[in-house]
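Going down the list, the protein sequences come from chains A and B. Everything in the first sequence is counted per our numbering, starting at 1 for the first residue and increasing by one. Everything in the second sequence is counted per our numbering, starting at 1 for the first residue and increasing by one.
Don't take every hint at face value.
What the hints assert, rightly or not - Chain B side only, calculated, beta carbon under 10 Å to chain A, not exhaustive: (1) 21; (2) 93; (3) 204.
Said to hold, decoys possible - Here chain A is said to cover these stretches of chain B; the calculated rule only asks that three of the stretch's residues, wherever they fall, bring their Cβ under 8 Å from a Cβ of chain A: (4) 81 to 91; (5) 94 to 100.
The set of hints was computed from the structure by calculation and includes no laboratory data. Glycine is no exception: its CB is placed at the ideal position from the N, C-alpha and C atoms.
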Amino acid sequence: MEDRKAGIEVEGLVRDFKKGPRAVDGIDIVVEPGEVYGFLGPNGAGKSTTVLMLTTLLPPTSGAARVAGYDIVREGRQVRAVIGAALQEAALDPFLTGREHLNLQAALHGLPRQERKKRGDELLERVGLQEAADRRVRGYSGGMKRRLDLALALVHRPRILFLDEPTTGLDPQSRSALWSEVSRLARDEGVTVFLTTQYLEEADVLADRVGIIDRGKIVAEDTPEALKADIGRPSVEATPIEPNERSAVARVLVRFGNELPSQPETVAVRLDQGAGDLADVVRALDREDLRVRNLRLEEPSLNDVFLAKTGRSLEGAGDAGHGAEAEGEPEEARA
Amino acid sequence: MGSTFSVQMLNLAQRSVVRTLRQPAVVVSSLLFPLMFWGINSNGLDAASRIPGFPADSYLDFSFAFPLIQAALFGAVTAGADLARDIETGFLDRLSLTPMRPAALLAGMLMGVVALGLIQGVVFLAVGLLFGVQIQAGFGGMLLIVLFMMLVALGFGSLGAILALRTGSTEAVESSFPLFFVAIFLSSINLPRDLIQADWFRVIATLNPVSYLVEGIRSLIITGWDGQALAVGFGCALGLILVTLAGAAASMRTRMASS
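Build out the structure end to end from the sequences listed, making use of the hints.
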């Protein structure tokens, strides 16, 4: 039965594939109604597999989940009626126009003919595709396809919206426009948003709470602020003027904290005593006659959180080889 | 529920027709190649009409069933490939996330195939008449030919849907084309069965249901109203539809079992 006060509840959800390791390994999530939940993780961490299960496109191996109060296994039809989803690839028909896509989607959702046109026009305007509405989708840019994808997910005014890496490959302007729309949906229309991303900034900007998934397991979950506060101490990053002085700069900086992964020409450390160490760092470099062209104090980021929880940096962590979903396993499993 | 189903089906059929018509290469080749083969066959094999016992005075009339059957085959491969592409691109997932009933998707897609069959049937009849084909069963026979073509398109289209749903691969569907083509050639498409000399060929042609589809259509062109040929031809077409449609429905259920 639909519970209008229900968001998403996930309990011990597991998905195995015939080949490869366990894609999703017993995750528990609770997303409150009206909340934007950011699901952050590297490629192949299990994000998309989780979305496919929650949107009823892939049956879980074990565990349970309810979306808007409906069981994703036993009440798939009811789940689909209240959710909207823009999956990782904007699956569109290149031979149809944007307007025709919206009309088809609206018809399949059972909207009356008059309402279909009105709703289509409204959504085309909202995502800024009025001018391109009657052009075939094969001529759309990646950003336009993503925006149309979002509009299609919203046709039937869903209460819960799943967005699977909605801004991957978008230019900064399109990304910013999409962020604004997602924020507006949650703020003005009370839509619950489950957003997967591998972009730290996206999770930071959009999400009320963030769940960090790695190798199928949730390794941290809280508000972005709380997660960063948990790490506590800021880091300092220094770039020597002379590249051959990098080792000397590193020897000085490690007196103030543990070294962090950084660009080849820079040195970064997590400060043991916090921001108060910065003046001492400057004095120590000066004493050693080491000159730097850039010295930057950085507050903890979600990447630091990921690093602290997994021992790896989020950038490039997908290469570590969990990779079940990245190589299309969900599709194979469905077949 | 009924009206929702019909709205879904009609919208999906409209999409199927629109996307086909927006691929001129597909439409042109589905019209041009069968006509081209017909032209080559009717010229090259014209002497066959002088074989004692040959049932028609003109090989042009006799071979007119060829483009009609081949066109239906083209439609099947096109429809199957389109459905496989929907699976590959995730468009089927998008549709699965709506309250769409799988049967509406199948019916909509097949309505598109049938519509293409209708267009092909009308065009081929017009071209055939222009080049001097005489339809012995008259105008009523022409209507029946178009209907027959739509049924064959539906049967082959369902076969294309089975391939698409089972494999989910455009390549697999398209690579099945030669097999369909062989099935047409191993029938009575070029010669009446009783005039086929090679025993093995005659046996295969007799076992091949395509022969009866061909002979049903051909009877309207060269004989007139031949109740037996029509009954067998229509029976075969309906049987093909029944089997392939059931197979397509089962394949659709399997494909969407997770939804």
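Hint by hint, here is what the structure shows:
1. 21: This interface hint holds because 9 Å falls under the 10 Å limit.
2. 93: Cβ of residue 93/B sits 6 Å from chain A, so the hint holds.
3. 204: violated, 33 Å
4. 81 to 91: holds (count 4)
5. 94 to 100: holds (count 7)
Hint compliance for this structure: hint 3 alone is broken.
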